[in-house]
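Asker: Listed here are the chains, written in short residue letters.
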Amino acid sequence: MARARKVFFRRRKVCKFCADKIDYIDYKDVKLLQQFIPERSKILPRRISGTCANHQRPLQQAIKRARHLALIPFTTD
Amino acid sequence: MRTYELMFVVDPRVADEDVVTMTQEYKNMIAGGGSQITGEENWGRRKLAYPINKLNEGKYVLLYIGSEGGKTALPEVEHRMRQNDKILRYLTVRTDEDLKRAARRQPASGAGSPAAPDTGEAPAPETAPQEEEA
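Sequence order for the protein chains is A and B. Using the working numbering, the first residue of the first sequence is number 1, and each one after it goes up by one. Using the working numbering, the first residue of the second sequence is number 1, and each one after it goes up by one.
Among these hints, one or two may not hold up.
[Claimed, not checked] Pair by pair, the computed Cβ-Cβ distance ranges are:
no., chain 1, residue 1, chain 2, residue 2, range
1, A, R12, B, N53, 42 to 48 angstroms
2, A, I43, B, R46, 20 to 26 angstroms
3, A, Q35, B, R46, 16 to 22 angstroms
4, A, A53, B, I52, 40 to 46 angstroms
5, A, D29, B, K86, 22 to 28 angstroms
[As the list claims (entries may be wrong)] Residues from chain B shown here face chain A by an in silico Cβ test under 10 angstroms; the list is partial:
no., residue
6, M29
7, G32
8, G44
9, L91
These are calculated hints, taken from the structure and not from any lab test. All C-beta atoms in this analysis are idealised placements derived from N, C-alpha and C, irrespective of residue type, glycine included.
Okay, chain A solo, but in the shape it has when bound (with noise of 0.2 angstroms):
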C-alpha cells in the first residue's frame, strides 16, 4: 500500500482473536499458538501482539498447556 511519507507511522494493531471472532482458545490448535511464539518460542507480549487482555490470558493458559504436552517447545536453542 502506498502509504503517505510520515515517519512515524504505525500500523494499528488488532486483536487476532477479536477480529477472528476466536473465543475458544484452543491448546490443540498449534498452528494458531504458533503464531504466537516467536522464535525463542516465548510467548508474544500484547504490545507487540496487539491480543487485547481478554484473550492474551486464555492465550497464555493454551499455550503453557501445549508447552506440558511437548506440542509447542518451551524454548529452543
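Assemble chain B onto chain A, guided by the hints.
Answerer: For chain B alone, kept in the frame of chain A given last:
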C-alpha cells in the same frame, strides 16, 4: 453437564494395539465412574516439541468426556497414568465453562449462522486473514 478433555502421550515404542487396549482400560474406568466418553481422537505418532525421557516422538490420544454428577473417576485415572511409565504426559482440562463463555460471546456479534461472518469491507485495512483450516 461438565465436559472434560483428557489428552495423553504414550511412549512410541508401545505397539498401536497396546495403545488401544490401554485407552480402553482408561475408558472403562471413566465409564465405571459414571461419566460417558463423548468422543475419541487418535493422533497417532507425532514428533515431540522437546525430548521427553530421551524420546523424540509420542503417540497422542485424546478423549472427550461428559459427566453429569459431581463425581468422576478422573482423579483415579490420573493417578494411574502417573504411575504408568509408558505414559509420558497427560492433561485433563475441564472445558464446559470456557466453551459456554465462548458460545455466549458468539451470538452477540454474528447472530445465527456462524458460517458467513464476512460483511463487506472491514474498517481496518490491516486485517489479513491468515489461515482458514482448523
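Asker: Compare the structure with each hint and give your call.
Answerer: Hint-by-hint comparison with the structure:
Range check, R12(A) to N53(B): about 46 angstroms between beta-carbon atoms, so the 42 to 48 angstroms window is met. I43(A) and R46(B) have their C-beta atoms about 22 angstroms apart, which keeps the hinted 20 to 26 angstroms range intact. For the pair Q35(A) and R46(B), the supplied restraint of 16 to 22 angstroms holds, since their beta-carbon distance comes to about 20 angstroms. Between A53(A) and I52(B) the CB atoms are about 33 angstroms apart, so this pair departs from the stated range of 40 to 46 angstroms.
A beta carbon spacing of about 27 angstroms between D29(A) and K86(B) agrees with the range 22 to 28 angstroms that was offered as a hint. Given hint, M29(B) at the interface with chain A, is violated; its Cβ is 21 angstroms from that chain's nearest Cβ, farther than 10 angstroms. About 26 angstroms separates the beta-carbon of G32(B) from the nearest beta-carbon of chain A, more than 10 angstroms, and the hint is not met. For the restraint placing G44(B) at the interface with chain A, the shortest Cβ-Cβ distance is roughly 14 angstroms, beyond the 10 angstroms limit, so the hint is violated.
Against a cut-off of 10 angstroms between C-beta atoms, the interface hint on L91(B) holds, since the closest Cβ of chain A lies about 6 angstroms away.
Violated hints, listed in ascending order, are 4, 6, 7 and 8; each of the other numbered hints is respected by the structure.
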